[in-house]
Amino acid sequence: MSKRPLRIIVNQIYSALKDGPLKVSELREKTTAYGCFFDFAISYLLTYGIVRKYVKDKEEYFELTEFGKNLPTGPDKWVSEWINDWWIWIGW
Numbered sequence: 009m010s011k012r013p014l015r016i017i018v019n020q021i022y023s024a025l026k027d028g029p030l031k032v033s034e035l036r037e038k039t040t041a042y043g044c045f046f047d048f049a050i051s052y053l054l055t056y057g058i059v060r061k062y063v064k065d066k067e068e069y070f071e072l073t074e075f076g077k078n079l080p081t082g083p084d085k086w087v088s089e090w091i092n093d094w095w096i097w098i099g100w
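So for the sequence shown, our numbering puts the first residue at 9; every next one is plus one.
Mixed in with the good hints there might be a few duds.
Straight-line distance between alpha carbons at most 30 Å, and here's what the computed DSS-like set of lysine-lysine pairs gives [what the hints assert, rightly or not]:
1. K31 - K77
2. K61 - K31
3. K31 - K66
4. K38 - K64
It should be emphasised that the hints constitute simulated quantities derived from the structure, not laboratory data.
Build out the structure end to end from the sequences listed, making use of the hints.
Shown next as structure tokens:
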């Protein structure tokens with residue numbers, strides 16, 4: 009997987025969630041990713057504790073955690089380091 013598309017999608021999700029919590033369907037409309045690529049970007053943000061997921065009225069929502077709200081830079085700076093480590097770990 010290329011680093012650049014992941015950085016773009018992570019930034020889109022992060023920027024959309026700065027305005028407040030969003031339903032999953034609304035968040036998908038605000039980003040250019042779909043399917044497993046969207047899920048991968050969300051998993052990245054959840055893993056690092058930048059975003060949290062909760063259920064309200066049988067709808068899934070995402071919102072920034074306190075850590076995510078107080079990041080000095082966007083999470084895109086971390087993606088390249090994480091992907092490089094991952095490629096080394098799987099032996100590519």
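Can the restraint linking K61 and K31 be considered satisfied, given a maximum Cα separation of 30 Å?
holds, 10 Å
Holds or violated: are the alpha carbons of K38 and K64 at most 30 Å from each other?
Within the cut-off at roughly 20 Å; holds.
Take a quick look at whether K31 and K66 sit within 30 Å of each other, Cα to Cα.
With a Cα-Cα distance of about 11 Å, the restraint between K31 and K66 holds, given a limit of 30 Å.
Straight-line alpha-carbon gap K31 to K77, limit 30 Å:
holds, 18 Å
Checked against the numbered hints given earlier, the structure satisfies every one of them.
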